[in-house]
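Undergrad: Start from chain A and add chain B according to the hints.
Residue numbers (the UniProt record's numbering), protein chains in the order written: chain A, 1 to 308; chain B, 1 to 323.
Quick caveat, the hints were computed from the structure, so don't treat them as lab data. Hints are all accurate, no fakes.
Among chain A residues calculated to face chain B with C-beta under 8 Å, some are:
id	residue
1	Pro141
2	Leu246
3	Val248
4	Ile261
5	Asn265
6	Val268
7	Trp273
Glycine residues also receive a C-beta, built at the ideal position from the N, C-alpha and C atoms.
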Amino acid sequence: MSTPISTAAPAPSRRKRGPRVPPSVLVGAALVAVIGAAAAFAPFVAPTNPLDVGTFDLMNAELPPAFMAEGDAHFLLGTDNQGRDLLSAMLYGARVSIAIGGGAVLVAASVGIVLGLLAGYFGGWVDALIMRVGDVILSLPTILLALLVSGVARAVFPEAGTAQWAPVILIGAIAIHEWVQYARTVRAATMVETRKDYVRAARVIGLPSARIMARHILPNVLSPVIVIATINLAAAVLTEATLSFLGVGMPPTYPSLGTLIRIGNEFVFSGIWWIAVFPAALLVVLVLGVNIVGDWLRDWFNPRRQAR
Amino acid sequence: MLSAIASRLSQALLVMLAVTAIAFVMFRYVGDPVAMMSREDATPAEKAELRRSLGLDRPVLVQYGDFVGRVARGQLGVSFRNQRPVVELMAERLPATLELVLVATLLSLSVGVPLGVFCALKPDSAAARAIQTLSLVGISMPTFVTGIGLILLFAVVLRWLPSFGRGDVVSIGGWTTGFLSRSGWASLILPGVTLALYQLTLIMRLVRAEMIDVMSSDYIRFAKARGLPPRYIHFRLALRNALMPVITVTGLQIGSLIAFAIVTETVFQWPGMGLLFIQAVSFADVPVMAAYLLFVGALFVLINMAVDVIYTVVDPRLRTRRA
Chain A
1 MSTPISTAAP APSRRKRGPR VPPSVLVGAA LVAVIGAAAA FAPFVAPTNP
51 LDVGTFDLMN AELPPAFMAE GDAHFLLGTD NQGRDLLSAM LYGARVSIAI
101 GGGAVLVAAS VGIVLGLLAG YFGGWVDALI MRVGDVILSL PTILLALLVS
151 GVARAVFPEA GTAQWAPVIL IGAIAIHEWV QYARTVRAAT MVETRKDYVR
201 AARVIGLPSA RIMARHILPN VLSPVIVIAT INLAAAVLTE ATLSFLGVGM
251 PPTYPSLGTL IRIGNEFVFS GIWWIAVFPA ALLVVLVLGV NIVGDWLRDW
301 FNPRRQAR
Chain B
1 MLSAIASRLS QALLVMLAVT AIAFVMFRYV GDPVAMMSRE DATPAEKAEL
51 RRSLGLDRPV LVQYGDFVGR VARGQLGVSF RNQRPVVELM AERLPATLEL
101 VLVATLLSLS VGVPLGVFCA LKPDSAAARA IQTLSLVGIS MPTFVTGIGL
151 ILLFAVVLRW LPSFGRGDVV SIGGWTTGFL SRSGWASLIL PGVTLALYQL
201 TLIMRLVRAE MIDVMSSDYI RFAKARGLPP RYIHFRLALR NALMPVITVT
251 GLQIGSLIAF AIVTETVFQW PGMGLLFIQA VSFADVPVMA AYLLFVGALF
301 VLINMAVDVI YTVVDPRLRT RRA
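Chain A extracted, bound-state conformation (with noise of 0.2 Å):
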């Protein structure tokens, strides 16, 4: 594939002063790198074109792949049940993940830093508040907490389900429970370095609380979220799927890959078994990449290691 690689993943071998990345990291970050640039490249990687339902073709419905008898050499993998190219849906399918997937960790960290940051620097009743709602929150599970919000959208709003608010009420029904975790580990961090001279100093010369935060303590405890943005990005991804998977995330007519695997799983039962087959692998493979990559990055930050 000649689409550029480095756009995608973090390039951790580059890193100055750094341990000898294990071959192991070096695999899941390339595949992290292929399955995203194929991703973020589908139109032009794709041999067709998934979300124009002019282009499909019933007679093509089930075809199975093109390495079986009766597949067809157009199909690389098959088609699905509207007669639509399952390669094509697949890197449309990917990219729709790691979109919602991707946000949900940007919004969720977004909020979290804030609210950390607010919690640490101020303490009293802004912290117990923050912490409390926090803890309240982080008593459900993701997957429930998710279900809900969704669920509760759908109710409210009937337009939810459809190809364009459904990526948004995601984004918020994953991330609603993923801020607790930054907002716990900035606050930590903030209020350290709140009390450390530089803080105290920019104090003294009087400048304003935001600009404080925002510009002297800020930098400093950003590292911890990385981590946890990796991790996080990895768990994001897994529980659109499931959400889509249950019927509450995309809709098949704009499939990310859990719709895809909803889609199959109605049919594994007569025997056609690559729809679910191949988007399942592929989710699991680009899981898996970022999970190497998280778990590696942990261990890498983690200040005991370093001090050995």
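TA: The following block gives chain B in isolation, referenced to the frame of chain A:
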């Protein structure tokens, strides 16, 4: 000790209040109960009468107070979809979910603990490396993918096991159990394994990490120096201490397992509460959604407190320190 209990209780109370508040907001503001409950050709006067008889014209706080009272008495309303009391529906589905979660927990403990111990004692063996790698694949594998994979292999290709439902169930005084029939057991295998796999990787990794920590502690070094048999050191001295956090995590995970059972139950059409909930979500059946939320919230609070208590019982150090 008393202040610790008091702070746990107040936190539990806070969580429950927050959860009932969410449930109340759902009941009150998601959809219009009057429109849902009245006939299509109802006159405005009839609607106003219904609104008054439901108490929807009173101040919100009074309504919330009433709601908490009703929840405490177990009155959770009527399902929009099934037109049956929600409590009745939930009670019917509860045994299926609890049996599934029980099987999954036992399975993951009985496989996860030995695997974790093995990986900790022989960290450089090929088997341990393979298990470690597989565990990373395990956490990257969503529950529904595991489930579909197992169905494809054991139900579609090999045709060994049933892929949906509970099989024949025996009813014992309102509790339906699948433990007493052959088909009940056969139906439990695939969903049980699916739900257990997610939990298993977690337990395995935790046992391994704890065990490695404990093995490098002083008292184990002394025990080795005394020439005690390895079996005694590993299982009587080390494992006991390594299991402490496992109790906490397993306990806390039971709540998550019940939530994750939503996914497993959907894949295997298992007639438990999770399936009830996901159907309620797709039909916007608010009373069932709210009741499920209340149930899971209460369960979480109870489990958290129970884990705290068990912890003090199991770890003598905590007892003496607090007393």
